[in-house]
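Q: One letter stands for each residue in the lines below.
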Amino acid sequence: MYISMNWIRDFVDLSGLDLNKLIHQFSLSTAEVENEIFYKGSDLCGVVVAEIKSIENHPNSKKLHLLKVDAGDVKDGEPQLVDVVCGAPNVRVGMKTAFAKVGARLGEINIAPRPVAGFESFGMCCSEKEIGISDDNSGIMDLDPALANGTDIKDVFEIDDIVFEVDNKSLTNRPDLWGHYGIAREFAALSGRPLKKLETVDLSVYDSLPKLDIKIEDDDCLRYSGLKFDNVSVNVSPVNMRIRLFYCGMRAINFLADMTNYLMLEMGQPMHAFDSRKVEAIRIKKFADPFTFRTLDGVDRAIDSNTLMICNGDEPVAIAGIMGGLDSEIVDDTTSLTLESACFDPVSIRKSASRMAHRTDASQRYEKTLDPEMTPVAIARFVKLLTDIDSGAKVISRLTDDFRRTYERKTLTIDKAYVDRYTGIGDAITCEHIETTLKALGFDVIREDDKFTVTVPSWRATKDVTLKADLIEEITRIYGYDNFVPHTAKSPLYPVRMGVEKSAENDLKDILVKRFSLHEVHSYLWAYHDDYKKLGMEVEDNVKILNATNPNLETLRRSIVPTQLCQVKVNTGYAPEFGIFEIGRVVNGLKADGLCDERKKLAITLFSKTASVKELYFRLRDMIAVAIDEMRHREITFAPIEAAHDYQHPKNLNAVICDGVALGEIGIVHPAVSKKIDKKASIVYAELDVALISEIADAGIHYEEASKYPGMEVDLTFLSDSYAPIKAAIASENSPLIKKVGVVDLYAGEEGNSITVRITFSCDDRTLTREEVQAVSDSIVAKLAADGISMKL
Amino acid sequence: MNESICNLREQFNDALLAVSTLADLETLKVEYLGKKGLITALLKNMGKLSPEEKKTFGSEVNTLKGYATDAIAEKFEALQKAELQRELDAVELFDISLPPVLDRGSYHPVTLVQRRCEEVFRTMGFAVEDYSEIVTDYECFESLNIPPFHPARDMQDTYYLDNGQLLKTQTSAAQNAIYKKYRDALINEGKTIKAVFPGRCFRNEATDACHENTFFQMEGVMVGKDISIANLIYSMKTMLSEVFDNYGLKVRLRPGFFPFVEPGFELDISCQICGGEGCPSCKHSGWLELCPCGMIHPNVLREGGIDPDEYTGFAFGLGLTRLAMMKYGVKDIRDLNSGALTAMSQFTDDK
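Residue numbers (the working numbering), protein chains in the order written: chain A, 1 to 793; chain B, 1001 to 1351.
Okay, chain A solo, but in the shape it has when bound (with noise of 0.2 Å):
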């Protein structure tokens, strides 16, 4: 929303304040002012009143005159004129209009002698867009010919303004910022000077004609206040009004709707004004089957149950609170009007303007949830205008003011210490402060000593100061937080630990990055359908998004592998090899109190061209193991599962398991989707749930002594397909001698595979004898033997 200096100074005097200071101020204690303020007037100067004393047609051109132009210049008592060559369809003689010199400036353009078509020009004559002030190009300006030729164009009208703007978005939850007098109202207070009361007419002297025919007919509107009126005769705004209009981004249109558009801009309320003869009977209410209007703007809308509606009787005539209708709107036979001042639900309108996607002007203002006790004021205000300006413009009925709620008007009763206790700065904000501040801003002030009874403004009142706390806003930020000495809290010394899955996830993700070379990646919650079907992976069902804006993104993951797998599929040209893992979240369906399963997960794949697929499975399983191993100082098991996604191929498909506990899986990736992200690597991956691995209970570091005495290695070659049976039957053996166990070799001959173990013996207070040694090999390769396992010979 933009703001002009000159609006706000009819409300407060700001003379001798360095204004471009007080804007920043606002900015900082009220809402947020956007960088660019604009210096409107500026890049004006030379501009003057002048007359046309003389047209001639140009002999060449039939848009072209040849003017002589008083300027205000004299010389020896003559007046002198001026040659100018002028493209206006509009000149005629005795007209003034806004002339720009030689050495005038206008924006860009420097005005200096030069030839038009054959004829040297001194000067131009100037339309309203020419200067900055509309973009009404249609013609010079065509002024009041009571004005003194030579008159600087700035001393007639307000070009010369500071306007600034701004941002919609912080000024939320301020209904009563939303037009010009609210704003006033924070200059006044940041200033310590005293708001102007506005100046309105009596309406009561009007209580003697006749009533209009008002009835609110539903809940959604709070208020509405009607006034009629007829023989208004301005067509065209005044030339200040329409600057004002222009520079806070708005259009003239004509008087009456320049006038809605100006009060809602002073005031932040949105005004309608209706062709009398449409409006006999106003009915606001909603309609149970939906049908389409339109709005003035020529637009079919559709209007549903839930939109609020101002009709005449049971004829719509304006979507309440968002635009007037095409057929109620003021036209050329139009003889009496009638003046809409009203109150809505702000969740109705905010929701009837986001269902026809229109949010106007007016809805905007609405959706902020307006002051009801507003809109007699602004119609008192309107009548006072419109009866400056025109004042042949004559009120027919008296106010009528259907009046049905409002909202509650707190009274907060704070003290000094209760202000100290959020503020932290003791003394530096006094009582005086507390009660300018809040009486500046018109909240009713009762204090006594240090104990402040307040009352909330009505149009403050509607949400925004509902508690304590809120005064605590106004009184700081009046105050000006730059004002503040920060100091440290008090508070009491005690250790925070980091929690064990944060550790967890900060060591696993520390392992794979700097052990394994993986890169960790990020990809989204849910299920990518389109590329889950390139892939050949089906999107498994689950909880939905209700409103995904991409019906492909709709459904959450249940695992992060089939993601993971397309995020592997980019990267196919980025080397022959590379792993990447992820730790997020997986939704396993609902749990039984039909809340989201949420599990966190971290998943990985490695990819290589070079790598057979059981050298990387093997280095996947390494990856897994060392990391448990690392942070838990324990092993890892496995079993084999059975396969229940696409993306599983369904052999060396294993549950990784520690303490018994299943943490999660690891596998080949299935052929049909490893082909379709390369024809030839070789694609592993696991995925092992973040939080079972960080509730296993660390084993901890067991020291021994290294034995004096030397040990003695003994290398056993077993037949057989699994080491697991040898693992077992060495660890049931349960020899303290037994320092280390380690698979040497790997063979498959004739009579099937081997495997030669290393047992490494040793004791840690004497030498061992070969026999002792020996007992312990025999009694494994006899135990091994009674399972079918033998020696190889």
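Please note that a few of the clues may not be correct.
[Said to hold, decoys possible] DSBU-like, lysine-lysine: derived pairs with alpha carbons at most 30 Å apart: (1) A/Lys-490 / B/Lys-1181; (2) A/Lys-468 / B/Lys-1191; (3) A/Lys-676 / A/Lys-533.
Hint data in this document are derived by calculation from the structure and do not stem from the laboratory.
Since chain A is already given, all that's left is putting chain B on it; use the hints.
A: Just chain B, lined up with the frame of chain A:
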């Protein structure tokens, strides 16, 4: 000298001269000096000699033995030296200017920025809390003083789920749970609640280079006796100076409206590019709008089981995604969720 000894000596000298490797030298050594070697074999011919001649012959054989032993030792040393030299010479000169194979992994940039922020707050005694991404209407709105039909629910277009839950639009959705978690320690032990909670948030909006439907924030709260606006300004300035590693950083507050704080503020920091002088990136204002903050709304405290007449507190929200983009100059926000490694592999650890 006996002729046979003399011949053998000649023969040995010739053989030694021909030796060029340590292995051949060893063979030579065995040939001449071994138990069954040529020198020892000379003694077999001694039978025919007189005792006097035997003595002389024996002595001459020993001399030859000694000579051969020394000569072999000398040759051994020379050969060994030569071999070492050969070994030294055999090593090529490397081209150390070849590029190193770093084989680096990488972190997501949000992880790096998030860790930095968490570290700052942890060192100041804040607990780092985690929270779910899917929340209830109560958590995201109602407990935060945002009743149904409040315009704030329009301001942030929400993804609603078919089970009635929603994707959290703001990290504030964790506030209520945090208050409930820590209020007993606050009330019974006087422990000020200090917590930050980073998290992923979602808004239902069309994406472009500057807009994402998925992004990260970090919220923080501090609640205790007499926590004030002066404390808020102090804390924000101190923390943000650390986050931006800039002790000359300035902060300022402007009024801002958020339903869960009262008073609410927009916090600006001095522009990190021009230092406050004004430049294109701060639109010549010298300031950068950074984070919303404010004194926690009494209704929000009350809903968390904390009496607003007894306790006050402040809350703030930092946009982690935005911080990451600012810090690393990421222009297109969509890159962050793309998983495209050409872009994302560049973020190695950055403490």
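Q: Next, verify each hint and record whether it holds.
A: Results of checking the hints against the structure:
1. A/Lys-490 / B/Lys-1181: Holds - the C-alpha atoms of B/Lys-1181 and A/Lys-490 are around 21 Å apart, at most 30 Å.
2. A/Lys-468 / B/Lys-1191: holds, 26 Å
3. A/Lys-676 / A/Lys-533: holds, 10 Å
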